[in-house]
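*Asks:* Take the given structure of chain V and dock chain U to it, following the hints.
Listed below, chain by chain, are the residues.
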Amino acid sequence: MTHAPARNASALLTGFIFGLGLAISQMVNPKKVLDFLDVTGNWDPSLALVMAAAVGVAMLAFRFVLKRRQPLFESEFHLPRVTKVDRSVLIGSAVFGLGWGIGGYCPGPGIAALSAGSVDALVFVAGMVLGSLVYRRFGAPSG
Amino acid sequence: MCDNRVVANFTPVSALVGGALIGISATLLLWLTGRIAGVSGIMHGALSARSPWRWLFLAGLIAGAALWMALVPGAFAPRTGYSLLLVLLSGVLVGFGTALAGGCTSGHGVCGISRLSVRSIAATITFVTTGMIGVFVVRHLLGVAS
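In order, the protein sequence lines correspond to chains V and U. In this text, residue positions in the first sequence follow our numbering: the first is 4, and each later residue adds one. In this text, residue positions in the second sequence follow our numbering: the first is 9, and each later residue adds one.
What the hints contain is simulated information worked out from the structure, not anything from laboratory work. Keep in mind it's a predicted model, so treat the numbers as computed, not measured. There's no promise every hint is true.
[As the list claims (entries may be wrong)] Derived coverage of chain U by chain V (criterion: at least 3 residues anywhere in the stretch with Cβ under 8 Å from a Cβ of chain V; other residues may be distant):
(1) 57-63
(2) 67-80
(3) 98-106
(4) 143-153
Note that the Cβ used here is the ideal one computed from N, Cα and C, for glycine as well.
For reference, chain V alone in the conformation it holds in the complex (with noise of 0.2 Å):
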């Protein structure tokens, strides 16, 4: 594919917009995401605001990147095939939330967090590849 060089630069591009957003909004900070969700401690609702900024930036514009034909360096949008609200994702979302809750990182942070040097997050994200390893060697249907 021609495009490949323009799609991962594109891809590069992004991440770096997404790195510099999640380090700008202090989500890189496990304490901040923590204190979101402790809504019964001290509770700090920025991170409502950032999820409120970004759905509403993307809610907007998505609008108009869908009505196009194709992505511009792509032939087709890979949007997710399964819509339905079914057990996988109730029950990988009740996991996801429990050790987002414990250690304060989902994914992004996580990994934007090991630009700060953090064995924290370096932990963190061992721990996140173990998860996806286990998964795909016990959890996922196989085929």
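*Replies:* Relative to the frame of chain V, chain U by itself:
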């Protein structure tokens, strides 16, 4: 970087600016490459298939955060002193859970809700709820400072 007198630690301006950048990033990735900016999906894909773009996105994620830390010294101090065993456990749960759920805070929370996906809305309600339970157990039942 912002002050607020209502709730201690609340940083509305940086939250809105950072969040908007995340929305812009997700929009650009979808427009340019047709891909959903879901970090867990990108990570699981990077581990299971040969796909340079996924590794480049993750490298960009680290570089973008690094730039901000270079521009604003002291913007973020890595956490120290919290149980690394609990951190490892949380990583395993997040890795397994997001793989099973097909998304995380970015894929379901930002991109899915923006597409008004019922599956993603259900996912987000679920992980925010169990996230609150997780922090309640660690901080208030076990009494561990996190």
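*Asks:* State for each hint whether it applies.
*Replies:* Structure-based check of each hint:
| no. | hint | result |
| --- | --- | --- |
| 1 | 57-63 | holds (count 3) |
| 2 | 67-80 | holds (count 11) |
| 3 | 98-106 | holds (count 9) |
| 4 | 143-153 | holds (count 6) |
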